[in-house]
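**Q** This is what each chain is made of:
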Amino acid sequence: MSVTASSALLVQGAGPQYVNATGLFTLSWVLIALPLLSAAVLLLTGRRANAWGHLLGCASVLCSFVLGLAMLFAMLGRSGPDRLIDQHLFSWIPAGSFQVEAGLLLDPLSMTFVLLITGVGGMIHIYSIGYMAHDPERRRFFGELNLFVAAMLLLVLGDSFLTLYVGWEGVGLASYLLIGFWSYKPTAATAAKKAFLVNRVGDVGLSLAIMLMFATFGTTSFAGVFSGADRMMAATATGIGLLLLLGACGKSAQFPLQSWLLDAMEGPTPVSALIHAATMVTAGVYLIARSNPIFDVSPNARLGVTIVGAVTLLFGATIGCAYDDIKKVLASSTMSQVGYMILAVGIGPGVYALGIVQLVCHGFFKATMFLGAGSVMHATKDNVNMRHYGGLRRLMPITFLTFTAGYLAIIGFPFFSGFYSKDKIIEAAFDKGGTSGLVLGSAALLGAGVTAYYMTRLMAMTFFGRPRWEEGVTPNESPRSMTMPMIVLGIGAVFAGALLTFVGDGLAGFLTPSLGPAEKGSPPVISASGQTLLILAVATVGAVIAYLQFGRRSVPDTARQDVPVVVTAARQALYGDAVNEAVFMRPGQYTTRALVFFDNFGVDGAVRGLAALVGGSSGRLRRVQTGFVRSYALLMFGGAALVVIGLTLAYAI
Amino acid sequence: MNQLISTSPLSLPSRAPVAATEATVSTFGHDPWWLILGKVVAVFVFLVLITLFLIWAERRIVARMQQRLGPNRTGPFGLGQGLADGIKLALKEEIIPAMADKPVYFIAPIVATIPAFLAFAVIPVGGVVSIFGHVTALQVTDLPVAVLFILACSSFGVYGIVLGGWASGSTYPLLGALRSAAQVISYEVSLALALVPIFLYAGSLSTSEIVAAQNRFWFVFLVPSFVIYMVSAVGETNRAPFDLPEAEGELVGGFHTEYSSLKFALFFLAEYINMTTVSAVATTLFLGGWHAPFLLSRVPVLNSGWFGLVWFTLKLLTVLFGFIWLRGTLPRLRYDQFMRLGWKLLIPASLVWLLLVAAMRTLVVEDVNLRRNLVPVGIVFVVLLLLVSFWPSSKKPDRDGEGEDGHPEIAVGNRAFPVPVLPGEQTDPTLAPREVTRA
Amino acid sequence: MSGLAHLGTASYALQQTTKGEAVIFWLLAPIAVLAAMAMVLSRRAVHSALLLAVVMLCLATFYAAQDAPFLAFVQVIVYTGAIMMLFLFVLMLVGVSSADSLVETLRGQRAAAILGGLGFAVLLIALIGSAVSSMTVRGLTAANAGGNVQGIARLLFTRYVFAFEATSALLITAALGAMVLTHKELLVPKATQRQLAARRFADGDPSPLPGPGVYADHDAVDTPALLPDGSVAPGSVAPVLESMSAARFPRPDVLPLAEGDPQP
Amino acid sequence: MSPAYYLYLSAILFTVGAAGFLLRRNAVVVFMCVELMLNAVNLTLVTFARINGTLDGQIIAFFVMVVAAAEVVVGLAIIVTIFRTRQSASVDDVNLLKY
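Protein chains in written order, with the numbering used here: chain A, 1 to 653; chain B, 1 to 439; chain C, 1 to 264; chain D, 1 to 99.
Any given hint could be a false lead.
Stated by the list, open to error - Label pairs and their computed distance ranges (CB to CB):
| hint | chain 1 | residue 1 | chain 2 | residue 2 | range |
| --- | --- | --- | --- | --- | --- |
| 1 | B | 37 | C | 158 | 41 to 49 Å |
| 2 | B | 336 | C | 239 | 39 to 47 Å |
| 3 | B | 386 | C | 163 | 26 to 34 Å |
| 4 | A | 651 | B | 343 | 29 to 37 Å |
| 5 | B | 33 | C | 27 | 14 to 22 Å |
| 6 | B | 359 | C | 238 | 29 to 37 Å |
| 7 | B | 130 | A | 651 | 37 to 45 Å |
| 8 | D | 86 | B | 329 | 43 to 51 Å |
| 9 | A | 643 | B | 386 | 40 to 48 Å |
| 10 | C | 165 | B | 381 | 17 to 25 Å |
| 11 | C | 27 | B | 30 | 21 to 29 Å |
| 12 | A | 651 | C | 158 | 54 to 62 Å |
| 13 | C | 165 | B | 344 | 22 to 30 Å |
| 14 | C | 238 | A | 619 | 46 to 54 Å |
Simulated from the structure, these hints should not be mistaken for laboratory data. In this text the structure is predicted, and so the values were computed from the model without any measurement. The C-beta atom is built at its ideal place from N, Cα and C for all residues, glycine as well.
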């Protein structure tokens, strides 16, 4: 599509109308600049900043949070449509007809993310002060954390897909750096590399989607793309949507690009909490939610999203049942919970907001649990094996309490935040109607039961039962810098769901300008209260089974090997790596070998033949190179004679 | 720039109009054949006579300086000594070494002698006179590039020495020849450079015009040029204290060790004529040529024609006396000292001086308005530069060759290069850097 | 020589030179060609150098005859005086020991060179002949009106000033390059006189080497001294002279070396 | 006599120099042959300066002389260095740079 036609589309477009930033909102760039500046200072000043680097890192994020809060209140003072605030910064790529403007979009959706990132992020920063206290590279850690926060803020604040992409890559870089923070550990270095590579696969999808957008609309800005979205062909929309989904899968560790997340737990626990639980892995959800006008055009793409979400939520939950590594259990839980979000944003208009509610609640309770896990590890000399825990609830009461808050939230215990977020999604899945609704709803329901099972297992193995600590481990409660954030986040885990549902119009209402109004679909298959009871029942069954298995019986120090095939498979992360290897790596390897063979015998054969020809002939010709200057001179002389002959002939003619 | 070269407005306040007695290049080329022949013969005779006189004079003067009498038996005051020596030399047995390269051995003395005579062809020995009705200058000929001619002759004359030394097939002459070659190549540079200021002032390379340009002021006021020229000339003619090619103490007789009889006499002749020639050039270029000195130049009769011959001869003999005086006074330099003097002092000094003269000439010729301000500043600058350049170093160069450049020497242990001990390196006291004890 | 410079300034027909110049040309051109050929064929490098000097002098004369007096003397001063002197200097450093062998070692090189040379000369002359057939000689009378030196100076310092400066830089570089190339690094401290004396005694030969020549009728430096038993005293003749005498002619007057004596 | 004769002379001298270059093995003599060729070219330049009535040819000849001086200085230094290490001044002995 030509540029002029696309600009015509722009003019007539009926997409969201953004208002220009005024007043406080012109400072939105400061939100990003603060952590970025801090990151630059921390990474460039070197050891001189060791003494105060962590404080600067925390302060910058908290300042951003305060600024974000101020903006939230300013935004609440505006009416609905005026809440879509766009701030143009500068002309980024003015290359002929290809004009890319750099700008920031501050709307309810990005505002939600800003507060989540800076709020939860700030808590985790504070937590890290204690957690990383003994690490000689703590300053660098904070620098990279700040870099991550800045990139994540750019991701959610950018007003075009290209800006988003910069942030997208930025968080990928920061994630790589932070997973590999202890790069002297080969596992950490490998995990970082793996995360980076798998993410690249997703990024290719996103970049292709952006290119496709540019080819279609002539622009990559949200305003331009969305205003033209309703007039584009469904096939194009499906293509863009599926490519965006691929990007989201990579970043959010969704099936089939989920394999990196488990390995990413090699990074420091605050990283797992911030990046791999609360914020970065939700970027895919943000992307799909943000791109809702595109998905609105293509039901197929949306179906793809729901399938990915449903598969992943079961997938992650299954893996979570099998692992003994506390962080990996939480990671697979994350995978599963993000699957719920993806499912939610895949179901369609009116349910987007539920996904975001789940996202925020998950941010709280999962961060709580990760920090709790970090606290437990801190107390047990960085042991991550749950079989070596047990009976920690008395020794680490704060950790236990906050973790319990997160636990109750995640399994959807009534009036805890998960109850309001996850259960709504299951209901929405059932409410979608038809076969797909039934299947998706059942999957989500089953997932809730499995979630209850593995989380109960985790609780039982960690905090109950007899101590199974290794020698020399004497657990005690973590320092206040660690417990304080856990308490704050734990409170969030308890109350966030209720707050976001019942205060004012709730988060869903707040998000209406960005994501459209929450619709009431066809009348529910099962009544709402019935659904709630069903979900609770399933979760209770899961929890009870886990309690019987792990709470009542003593937990052996090593995992049993004579287990069913399913358990073995789950312990291998359902063969995610093996599938990757079989589906991608091996064919690629064989293709490469075939190409090498062809290269060696086909291309090189021709080249070598040519070379042999040249070499053979020059082998004879080189005899001319006698090393005797006088022979060369004779040749030169002959050449000069030829020139003279030529000149003479030229004169003669 | 062009103005500087093509026209010759002198910086001197006023230049007297060229008198009828002054010659220019255009004066020449009109003589009848017999007159040219006469001049050539006259110059030849003049040179031979002055050589004979010089042989006597040198011996007498050196003898006086050494509280001796010198030759005083042959003729009045022993004046016939030179002639007697010449006859004796010519009649001696001629020995040709078996190892000699005969053709070269033969032509070497000739090659040495001819350019020595040739160079005198462009020396003006007097003003314009009338000979049998022909108005002509007392000079065989003149060229627009006469000074270059003289330089060419002197540079060619050294072939005689080099070839003679080589053709003898003997070691000492060869060493003498080598020294001579290096010496001539080195000193010709400073000699030629010393002459360039003259060209800048005279605006010509013709000897007669240079002499004419000295009508009022002699170019001897270009003192650095004069000094450098004289020092270089001594080096160029292999005279003491720069007579290294024939250093008796080391090389027996130097390049002419194996020569005898008439061939040796030719070398002898060539050396004295060369001495005469460079003195004549000094006279011509720096001492006003045939012009009468100072106040006498105001008298027209004394400053023209045949009188010029007298003044010229007197000046020439004065300069020649200087040569003899040097020989009687100064010890011979060592070879490396000699080379250092040439390359490290004379050439840089003449370059700096040339730059200074050129700058002054440019200022004068271009009539720079600021010259009143610029000239003093420039002079101060150049003086400072000279001071800095030639300020005697507090470090004495090591005379007995034990240390290079006076730096403390570092004893070489088992390492290939004399490098200082590196930090952390094993310092074996026997290998440690130490100053070599000076004798 | 003195009159040559004026030959060029004399007026002459456009195509023709003066008779004097023609005489000089026909006198010197054969000399130049013969000298050049002799230079190529001469076995001793020094002779070659001398003959080349002769060629250069002839060319200098031609320059003078062709209204280039400045160049003529620069030719003598720079080429004959400096460059050829440098050649002689180097020859004495490196090539005094023997005459060159003229036996050709590269197969076909000599024949090819001679044939090629002849053919090339013929071609070149033919080319010049066809090129100059329509030539008009303008002469330098106008260009040299202000004097040859002045004319050259004017061009040199205006149109060719950059080339002039570039060549000056080249000369400096060449001088430094030659110094660097021929510089011998002193790796160990120079032996002092004391050390030299000590070494001489340590070597067991404190006295000077035997001097040359013990015959009454031969006291030349290349005549070896004899030991009491009549054999040649080793080291009594400088090695350079030994190789020269061996290379140049046999010496019947030198006693044949005794068996087992060190060969010179 | 036409000035063209100088050109013929220079052609002959150049050829002699070139042939000498091909025939002689002593590096110094070879070098002299190069100088002979340069001189022959100089003669051509001077002659053409006269034929064309401008001094440019003489200027070029002057530059040739200067450059020749530089060339000789470096070239002879190289010959001396080679002689010092190999005790030979033959150009045929310096033949390591070959197939």
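**Q** Could you see if the CB distance from residue 165 (chain C) to residue 381 (chain B) stays within 17 to 25 Å?
**A** Holds - the Cβ-Cβ distance for residue 165 (chain C) and residue 381 (chain B), about 23 Å, lies within 17 to 25 Å.
**Q** That 14 to 22 Å hint for residue 33 (chain B) and residue 27 (chain C) (C-beta), does it hold up?
**A** Because 19 Å falls inside the window, the suggested range holds.
**Q** Are residue 130 (chain B) and residue 651 (chain A) spaced within 37 to 45 Å by their CB atoms?
**A** This hint is violated: roughly 58 Å between Cβ atoms.
**Q** For the pair residue 37 (chain B) and residue 158 (chain C), does the Cβ-Cβ distance stay inside 41 to 49 Å?
**A** holds, 43 Å
**Q** Assuming the hint says 43 to 51 Å, is it satisfied by the Cβ distance from residue 86 (chain D) to residue 329 (chain B) or not?
**A** holds, 48 Å
**Q** Does the Cβ-Cβ separation between residue 359 (chain B) and residue 238 (chain C) fall within 29 to 37 Å?
**A** violated, 53 Å
**Q** Tell me if the beta carbons of residue 643 (chain A) and residue 386 (chain B) are separated by a distance inside 40 to 48 Å.
**A** For residue 643 (chain A) and residue 386 (chain B) the Cβ distance comes to about 54 Å; the hint is violated.
**Q** How does the Cβ-Cβ distance of residue 651 (chain A) and residue 158 (chain C) compare with 54 to 62 Å: does it lie in that range?
**A** Check failed, 34 Å falls outside 54 to 62 Å.
**Q** Given the hint of 46 to 54 Å, is the C-beta distance from residue 238 (chain C) to residue 619 (chain A) inside that range or not?
**A** For residue 619 (chain A) against residue 238 (chain C), whose Cβ atoms are near 50 Å apart, the range 46 to 54 Å holds.
**Q** Can you let me know if the beta-carbon spacing of residue 27 (chain C) and residue 30 (chain B) is within 21 to 29 Å?
**A** Holds, at about 24 Å.
**Q** Is 22 to 30 Å right for how far apart the beta carbons of residue 165 (chain C) and residue 344 (chain B) are?
**A** The hint (22 to 30 Å, Cβ to Cβ) holds, given that residue 165 (chain C) and residue 344 (chain B) are roughly 25 Å apart.
**Q** Within 26 to 34 Å: is that where the Cβ-Cβ distance between residue 386 (chain B) and residue 163 (chain C) falls?
**A** With a Cβ separation near 31 Å, residue 386 (chain B) and residue 163 (chain C) satisfy 26 to 34 Å, so the hint holds.
When held up to the earlier numbered hints, the structure conflicts with 2, 4, 6, 7, 9, 12 and fits the remainder.
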